[in-house]
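Asks: Chain by chain, the residues run as shown.
2 protein chains.
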Amino acid sequence: MHTQANAFNSDAFNTSHNHEHCVNAALLSAKTLCRDRGQRLTPVRELVLRLIWQSHQPLGAYELLPQLAEAGFNSAPPTVYRALDFLQELGLIHRIASMNAFIGCSHPDEAHPNAFMICRECKSAAELDTAELKSALSAAAGALGFQIEQESVELMGLCQHCREAAK
Amino acid sequence: MHTQANAFNSDAFNTSHNHEHCVNAALLSAKTLCRDRGQRLTPVRELVLRLIWQSHQPLGAYELLPQLAEAGFNSAPPTVYRALDFLQELGLIHRIASMNAFIGCSHPDEAHPNAFMICRECKSAAELDTAELKSALSAAAGALGFQIEQESVELMGLCQHCREAAK
DNA sequence: GAATTGGCGTTATATTATAACAGTACACTT
DNA sequence: AAGTGTACTGTTATAATATAACGCCAATTC
Numbered sequence: 001m002h003t004q005a006n007a008f009n010s011d012a013f014n015t016s017h018n019h020e021h022c023v024n025a026a027l028l029s030a031k032t033l034c035r036d037r038g039q040r041l042t043p044v045r046e047l048v049l050r051l052i053w054q055s056h057q058p059l060g061a062y063e064l065l066p067q068l069a070e071a072g073f074n075s076a077p078p079t080v081y082r083a084l085d086f087l088q089e090l091g092l093i094h095r096i097a098s099m100n101a102f103i104g105c106s107h108p109d110e111a112h113p114n115a116f117m118i119c120r121e122c123k124s125a126a127e128l129d130t131a132e133l134k135s136a137l138s139a140a141a142g143a144l145g146f147q148i149e150q151e152s153v154e155l156m157g158l159c160q161h162c163r164e165a166a167k
Numbered sequence: 001m002h003t004q005a006n007a008f009n010s011d012a013f014n015t016s017h018n019h020e021h022c023v024n025a026a027l028l029s030a031k032t033l034c035r036d037r038g039q040r041l042t043p044v045r046e047l048v049l050r051l052i053w054q055s056h057q058p059l060g061a062y063e064l065l066p067q068l069a070e071a072g073f074n075s076a077p078p079t080v081y082r083a084l085d086f087l088q089e090l091g092l093i094h095r096i097a098s099m100n101a102f103i104g105c106s107h108p109d110e111a112h113p114n115a116f117m118i119c120r121e122c123k124s125a126a127e128l129d130t131a132e133l134k135s136a137l138s139a140a141a142g143a144l145g146f147q148i149e150q151e152s153v154e155l156m157g158l159c160q161h162c163r164e165a166a167k
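As you go down the protein sequences, you meet chains L and E in turn.
According to the working numbering, the first sequence holds residues 1 to 167 in order.
According to the working numbering, the second sequence holds residues 1 to 167 in order.
Keep in mind that the hints are not guaranteed to be accurate.
When the alpha-carbon atoms are kept at most 16 Å apart in a straight line, the in silico EDC-like pairs for lysine to aspartate or glutamate are as follows [as the list claims (entries may be wrong)]:
#  : chain 1 : residue 1 : chain 2 : residue 2
1  : L       : Lys134    : L       : Glu110
2  : E       : Lys134    : L       : Glu132
3  : E       : Lys134    : E       : Glu121
4  : L       : Lys31     : L       : Glu121
5  : E       : Lys31     : E       : Glu121
6  : L       : Lys134    : L       : Glu121
7  : E       : Lys31     : E       : Asp109
8  : L       : Lys31     : L       : Glu46
9  : L       : Lys167    : L       : Glu110
10 : L       : Lys123    : E       : Glu149
11 : E       : Lys123    : L       : Glu46
12 : L       : Lys134    : E       : Asp109
For the chain L half of the interface with chain E, some residues (derived, Cβ under 10 Å), not all of them [stated by the list, open to error]:
#  : residue
13 : Ala69
14 : Ser135
15 : Ala140
Pair ranges (Cβ atoms, derived) [stated by the list, open to error]:
#  : chain 1 : residue 1 : chain 2 : residue 2 : range
16 : L       : Ala71     : E       : Tyr81     : 33 to 43 Å
17 : L       : Leu27     : E       : Gln39     : 46 to 56 Å
18 : E       : Glu89     : L       : Ala139    : 45 to 55 Å
19 : E       : His21     : L       : Thr42     : 29 to 39 Å
20 : E       : Gln147    : L       : Ser138    : 42 to 52 Å
21 : E       : Glu70     : L       : Ala165    : 45 to 55 Å
22 : E       : Ser135    : L       : Lys123    : 18 to 28 Å
23 : L       : Glu70     : E       : Gln147    : 33 to 43 Å
24 : L       : Pro43     : E       : Gly72     : 50 to 60 Å
25 : E       : Glu70     : L       : Asp109    : 44 to 54 Å
26 : E       : His21     : L       : Glu20     : 57 to 67 Å
27 : L       : Glu63     : E       : Gly145    : 26 to 36 Å
28 : E       : Pro77     : L       : Arg82     : 48 to 58 Å
29 : E       : Gly145    : L       : Ala139    : 38 to 48 Å
No lab work stands behind these hints: they were computed from the structure.
Ideal Cβ placement from N, Cα and C applies to all residues, glycine included.
Work the whole structure out from these sequences, hints included.
Replies: Pasting the structure below:
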């Protein structure tokens, strides 16, 4: 599971992998995390997490609502936003501000900056490996005396797959 | 003027400087840019640019509306959004997605990533110098075959000024 | 088993952004 | 200077995203 997590979800741009595996890994990881922190992964929360993970594309809150309704849950905005907030606080999903959308986090157990590449063609988003990035950010900010508490990096462009397809 | 621009607006965290000077520099730069590109810096556009530049804190579209009204302009959302879009396209302002707000760009004449530090205490935002950052981003993305077209970096934290004040 | 807490249902509303169309000013041609 | 096209603005309406507030129920604690 951890090997997969460390792939930093670059597989997101490769739609051919067995994604059900990823979803299950994420759910397992969520359950562990909740148990450790004395939090509850309730049915709504679990469903929201599953829906978000199932998609390689960031999903908007209002895209989730009909799917909640289908599953028999209340489908008013507060329900889904609460679940999203909860999952974010646990680091299980990230919000992509430039898209008003949410995507699964591929390594919730490690502290890390929120850093994504988003393909304008296929709309997939993949998390960046940020070891070096983080130090570059710290250096740049530190030079100006700024103390970083939270990072958000969103790169728009073309993924390898779509670049090749465009040729 | 250019010296000031190259300071990358780190002065934003220092509210004591003569900010009217910055605003005027920005307006001048805007006029030049518009002339070069055959675009018009109309009164609404100029006012919006001025209002945004006057503030060290990112301003939301709806915060601008009453000020437009005061100046005798139409103050419906489309008016301000049109001006904001125009100014963004010319690189004169940036949108900070995580805040749904806009801030003046301190070096509109150079191509550069959208990269800001935002202080959670004083809400000021300052543009990052991104030469090294840019190469770190390119390296990280390139390793995964991703071709960057547009960057957005938003760092939240504490600016030097507020950090010292907190001690 | 009473009290407390956390989570959800529900209604209403706030906030941010855009669509669509009509009118006006400007720039260009002749 | 009149005609013509284009870019800009005014205006109304509405879409899209997000939160406030309150009450109920279930689980947990004492």
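Asks: A separate judgement is required for each hint: does it hold in the structure or not?
Replies: For each hint, the structure was consulted:
{"no.": "1", "hint": "L/Lys134 to L/Glu110", "result": "14 Å, holds"}
{"no.": "2", "hint": "E/Lys134 to L/Glu132", "result": "12 Å, holds"}
{"no.": "3", "hint": "E/Lys134 to E/Glu121", "result": "27 Å, violated"}
{"no.": "4", "hint": "L/Lys31 to L/Glu121", "result": "34 Å, violated"}
{"no.": "5", "hint": "E/Lys31 to E/Glu121", "result": "34 Å, violated"}
{"no.": "6", "hint": "L/Lys134 to L/Glu121", "result": "27 Å, violated"}
{"no.": "7", "hint": "E/Lys31 to E/Asp109", "result": "12 Å, holds"}
{"no.": "8", "hint": "L/Lys31 to L/Glu46", "result": "9 Å, holds"}
{"no.": "9", "hint": "L/Lys167 to L/Glu110", "result": "38 Å, violated"}
{"no.": "10", "hint": "L/Lys123 to E/Glu149", "result": "14 Å, holds"}
{"no.": "11", "hint": "E/Lys123 to L/Glu46", "result": "35 Å, violated"}
{"no.": "12", "hint": "L/Lys134 to E/Asp109", "result": "27 Å, violated"}
{"no.": "13", "hint": "Ala69", "result": "28 Å, violated"}
{"no.": "14", "hint": "Ser135", "result": "8 Å, holds"}
{"no.": "15", "hint": "Ala140", "result": "5 Å, holds"}
{"no.": "16", "hint": "L/Ala71 to E/Tyr81: 33 to 43 Å", "result": "37 Å, holds"}
{"no.": "17", "hint": "L/Leu27 to E/Gln39: 46 to 56 Å", "result": "52 Å, holds"}
{"no.": "18", "hint": "E/Glu89 to L/Ala139: 45 to 55 Å", "result": "31 Å, violated"}
{"no.": "19", "hint": "E/His21 to L/Thr42: 29 to 39 Å", "result": "56 Å, violated"}
{"no.": "20", "hint": "E/Gln147 to L/Ser138: 42 to 52 Å", "result": "26 Å, violated"}
{"no.": "21", "hint": "E/Glu70 to L/Ala165: 45 to 55 Å", "result": "52 Å, holds"}
{"no.": "22", "hint": "E/Ser135 to L/Lys123: 18 to 28 Å", "result": "27 Å, holds"}
{"no.": "23", "hint": "L/Glu70 to E/Gln147: 33 to 43 Å", "result": "37 Å, holds"}
{"no.": "24", "hint": "L/Pro43 to E/Gly72: 50 to 60 Å", "result": "56 Å, holds"}
{"no.": "25", "hint": "E/Glu70 to L/Asp109: 44 to 54 Å", "result": "52 Å, holds"}
{"no.": "26", "hint": "E/His21 to L/Glu20: 57 to 67 Å", "result": "60 Å, holds"}
{"no.": "27", "hint": "L/Glu63 to E/Gly145: 26 to 36 Å", "result": "28 Å, holds"}
{"no.": "28", "hint": "E/Pro77 to L/Arg82: 48 to 58 Å", "result": "29 Å, violated"}
{"no.": "29", "hint": "E/Gly145 to L/Ala139: 38 to 48 Å", "result": "26 Å, violated"}
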